[in-house]
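Could you build all of it, start to finish, from the sequences and the hints given here?
Heads up: the sequence lines are chains G and Z, in that order.
The C-terminal residue of the first sequence carries number 243 in our numbering, and the numbering is unbroken.
The C-terminal residue of the second sequence carries number 243 in our numbering, and the numbering is unbroken.
The reader is advised that the hints may include incorrect statements.
Identical chains share a label here; the pair holds if one copy fits it or two copies do between them.
[To be verified] DSS-like cross-link-like pairs, simulated, lysine-lysine; straight-line CA separation at most 30 Å:
no.	residue 1	residue 2
1	K243	K38
2	K243	K190
3	K243	K174
4	K53	K29
5	K60	K190
6	K243	K87
7	K227	K243
8	K227	K29
9	K29	K197
10	K174	K187
11	K243	K187
12	K229	K29
13	K229	K100
FYI, nobody ran anything at the bench for these hints, they're computed from the structure.
Number of protein chains: 2
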Amino acid sequence: MTGRLSVIGIGPGDPELLTLKAVRVIKESSVLCVPKGREEGSSLALSIVEKAVDLDGKEIIEAHFPMRKTMGQGADHTDLSLDDKWNQIAETILTQLKKGKDVAFLTLGDPTIYSTFFYLYDKLLELRPDLSIQIIPGVSSINASAARANISLGLGNERIAILPANYLDNLKTTLEMFDTVVLMKVNKVLDEIIKLLGEMDLIGSAVCVSRAGMEDEIIYRDITKIKQEGLNYFSVVIVRK
Amino acid sequence: MTGRLSVIGIGPGDPELLTLKAVRVIKESSVLCVPKGREEGSSLALSIVEKAVDLDGKEIIEAHFPMRKTMGQGADHTDLSLDDKWNQIAETILTQLKKGKDVAFLTLGDPTIYSTFFYLYDKLLELRPDLSIQIIPGVSSINASAARANISLGLGNERIAILPANYLDNLKTTLEMFDTVVLMKVNKVLDEIIKLLGEMDLIGSAVCVSRAGMEDEIIYRDITKIKQEGLNYFSVVIVRK
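As structure tokens, this is what we get:
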């Protein structure tokens, strides 16, 4: 196996927020692999990158990522078709690497923050325990959202919590214990969040950033004015006490 | 006032982790302002940036940042000398902007993650409520540390907590409630952390990354082998259950 696999965080959406390293490694890779999901369409990742790097002549692999977790703890091992899909993507990448081609796997934001790549990572290592994978960090959408709203996520001894907002258990306790709480992907649970923040008198401490750094970015300083059904998947609520 | 003030996250230390935007705005700015603290020496920020951008002819302002918080909640308003220092830095920057010069304030990692810039931000807005400040996000040392250790910080519905480790209260509760706990600046409290993680049977789930992305980076897979006194200020422990 001679090709190199790199997992690249391409940042939140603004092509200028790609790092120099991301640009260099994408240029050096002959194959680009992009996840093709319902919400994170491959067209989005590619449309960001092609504004900063010439993609002419690159081979593009669009991998349809299963939405459910199929490996590790809590996995549904009985669903073989999902496991088959992961296997298929892993095999496709390994085939390219065996041909000596460098493969760049593109991921929005930063690879270590809720990127589905890490499901694939386990599968790749299962098939090739000696595979070396280079992970290139990127600007996370969380940091970009805070920057766009001109707020700090934490200072001095302050504590920060990051929660996928579809996991509302203990949200009240978390809001009590932490100085800053970042709620990811709030589009489906915004009404419940507004209700709880209202009860805790925290509406004035919340800001919502939708599609930070993208062309259609919106910053909502009053989250009660947002219509839940109009809110995008890439929306973050930051509660800063 | 015609000059523009930009606050730029320069990433964790690897000059290639600067974003295209950071490079462009630094090139366009005639004045660079760098914090000069005990731990975050200005020489460090400048030495990273000068590997990616030609700094010849730039005016460099080294601002000695007070270590204690002097504004906002919990501030020590009786210590006038600290407040004077913040005022002095703010005035220095405003003077440059008034001359029409673009000023770039450089901060390691990402500006919204524990950057002392936000103390200055309040002071600047106090003096000039209409001042527009551009915050350019960067790769946070947290994301870079996780990438270097090849671990995800969160997947699916997992919850992430980020704690400055000198704030050990409730650490046990936080470790119980969250899937991933990131402990910042652990160099002074490592022994206490190892003791608690040992009691909770979490030693095997912890990894320590010191100076992620810098030339002298070290990754410790067994944190009990680390000598606390040898550990650097830029050290992060990630506990991933």
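Here is what the structure says about each hint:
Taking CA atoms no more than 30 Å apart as the test, K243 paired with K38 passes between copies only; the shortest distance there is 29 Å, against 37 Å inside one copy. Taking CA atoms no more than 30 Å apart as the test, K243 paired with K190 passes in both settings, with 23 Å inside one copy and 27 Å between copies. In this homomeric assembly, K243 and K174 come within 30 Å of each other (Cα to Cα) both inside a single copy, at 13 Å, and across copies, at 22 Å. For a Cα distance limit of 30 Å, the shortest separation of K53 from K29 qualifies both inside one copy, at 13 Å, and across copies, at 20 Å.
In this homomeric assembly, K60 and K190 never come within 30 Å of each other (Cα to Cα): the closest approach is 36 Å inside a single copy and 48 Å across copies. For the identical chains of this complex, K243 and K87 are inter-copy neighbours only, at 26 Å across copies versus 43 Å inside a copy, given an alpha-carbon limit of 30 Å. In this assembly of identical chains, K227 and K243 lie within 30 Å of each other by CA distance solely inside one copy; the values are 20 Å within and 38 Å between copies. Proximity of K227 and K29 under a CA criterion of 30 Å is satisfied in neither setting, with 43 Å inside one chain copy and 40 Å between copies.
Taking the shortest alpha-carbon separations for K29 and K197, neither the intra-copy value of 48 Å nor the inter-copy value of 46 Å comes in at or below 30 Å. Taking the closest pair of Cα atoms, K174 and K187 come within 30 Å of each other both inside a single copy (18 Å) and across two copies (28 Å). Taking identical chains as interchangeable, the C-alpha atoms of K243 and K187 lie at most 30 Å apart whether they share a chain (20 Å) or sit on different chains (23 Å). Taking CA atoms no more than 30 Å apart as the test, K229 paired with K29 passes in neither setting, with 41 Å inside one copy and 41 Å between copies.
Taking CA atoms no more than 30 Å apart as the test, K229 paired with K100 passes in neither setting, with 50 Å inside one copy and 42 Å between copies.
In summary, the numbered hints that this structure violates are 5, 8, 9, 12, 13.
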